[in-house]
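Starting from the known structure of chain X, fit chain Z onto it as the hints suggest.
Protein sequence lines, in the order shown, are assigned to chains X and Z.
Take 1 as the starting number for the first sequence in my numbering and just add one per residue.
Take 1001 as the starting number for the second sequence in my numbering and just add one per residue.
By construction, these hints were calculated from the structure, which means they are not laboratory data.
Treat the hints with care, as some may be off.
Calculated cross-link-like contacts (lysine-lysine; reagent style DSS-like; alpha-carbon spacing at most 27 Å) [unchecked claim]:
no., chain 1, residue 1, chain 2, residue 2
1, X, Lys99, X, Lys52
2, X, Lys52, X, Lys77
3, X, Lys77, X, Lys56
4, Z, Lys1057, Z, Lys1009
5, Z, Lys1014, Z, Lys1071
6, Z, Lys1071, X, Lys99
7, Z, Lys1009, X, Lys99
8, X, Lys68, X, Lys56
9, X, Lys99, Z, Lys1014
To be clear about the criterion: a stretch of chain X counts as covered by chain Z if any three or more of its residues have a C-beta under 8 Å from a C-beta of chain Z, and this derived list gives those stretches [to be verified]:
no., region
10, 36-47
11, 99-108
Restraint-style ranges between C-beta atoms, simulated for each label pair [said to hold, decoys possible]:
no., chain 1, residue 1, chain 2, residue 2, range
12, Z, Thr1015, X, Thr71, 41 to 49 Å
13, X, Arg67, Z, Pro1095, 42 to 50 Å
14, Z, Thr1007, X, Asn59, 25 to 33 Å
15, Z, Pro1039, X, Ser14, 23 to 31 Å
C-beta atoms are modelled at their ideal positions from N, C-alpha and C, and glycine is treated no differently.
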Amino acid sequence: GNSVTQMEGPVTLSEEAFLTINCTYTATGYPSLFWYVQYPGEGLQLLLKATKADDKGSNKGFEATYRKETTSFHLEKGSVQVSDSAVYFCALVNTGFQKLVFGTGTRLLVSP
Amino acid sequence: NAGVTQTPKFQVLKTGQSMTLQCAQDMNHNSMYWYRQDPGMGLRLIYYSASEGTTDKGEVPNGYNVSRLNKREFSLRLESAAPSQTSVYFCASPPGNLETQYFGPGTRLLVL
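Bound conformation, chain X alone:
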């Protein structure tokens, strides 16, 4: 079946540090991949997406590259800010299975 595995958190960083949050997936065919962000007390917002192999999604300084050979979609940011503190969810949707499948989420805490 379809599944998404994320690294467990929390990830604790100082401001301006480099961020990586790992995400790997299992799916048949060619899924689309997403990162969502959830700020405290709010719903989820789409952060970025990639719809085919080798695509790079980017938004607000965050990037993730769709790697089919390693079935991965790791989230990166070169210099995090305190305002990036949130929970990040990796997700996929597969052709013919029109429902989002979410990972368990990774909490990021950035200190000044």
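Okay, now just chain Z, sitting in the frame of chain X:
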């Protein structure tokens, strides 16, 4: 344009009580979804409605019922609440392309 709205924001129930969670969207989308979010579990799909007049079960439908009242509204009902239903409930609605799901702010439910 409010997007997706949910009521109530917070509710405490006793075991065996019933309640209905309300969701409305003003984006004229066909599809609407109900998820629950639990620590370490990510988001799990309870029910969804692909269009007005249709509903389908997701991963965890037991103990819930839904009604797609019209194109705007999709309600989730707990007939006899159990402590295992303590969770945060999110309603979401995508446009035609599934990936950009718009989420409501959530309903935090505590069942004692």
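Verification of the supplied hints:
| no. | hint | verdict |
| --- | --- | --- |
| 1 | Lys99/X - Lys52/X | holds, 17 Å |
| 2 | Lys52/X - Lys77/X | holds, 21 Å |
| 3 | Lys77/X - Lys56/X | holds, 13 Å |
| 4 | Lys1057/Z - Lys1009/Z | holds, 24 Å |
| 5 | Lys1014/Z - Lys1071/Z | violated, 32 Å |
| 6 | Lys1071/Z - Lys99/X | holds, 19 Å |
| 7 | Lys1009/Z - Lys99/X | holds, 25 Å |
| 8 | Lys68/X - Lys56/X | holds, 12 Å |
| 9 | Lys99/X - Lys1014/Z | violated, 32 Å |
| 10 | 36-47 | holds (count 6) |
| 11 | 99-108 | holds (count 6) |
| 12 | Thr1015/Z - Thr71/X: 41 to 49 Å | holds, 42 Å |
| 13 | Arg67/X - Pro1095/Z: 42 to 50 Å | violated, 28 Å |
| 14 | Thr1007/Z - Asn59/X: 25 to 33 Å | holds, 30 Å |
| 15 | Pro1039/Z - Ser14/X: 23 to 31 Å | holds, 26 Å |
Of the numbered hints listed earlier, those contradicted by the structure are 5, 9 and 13.
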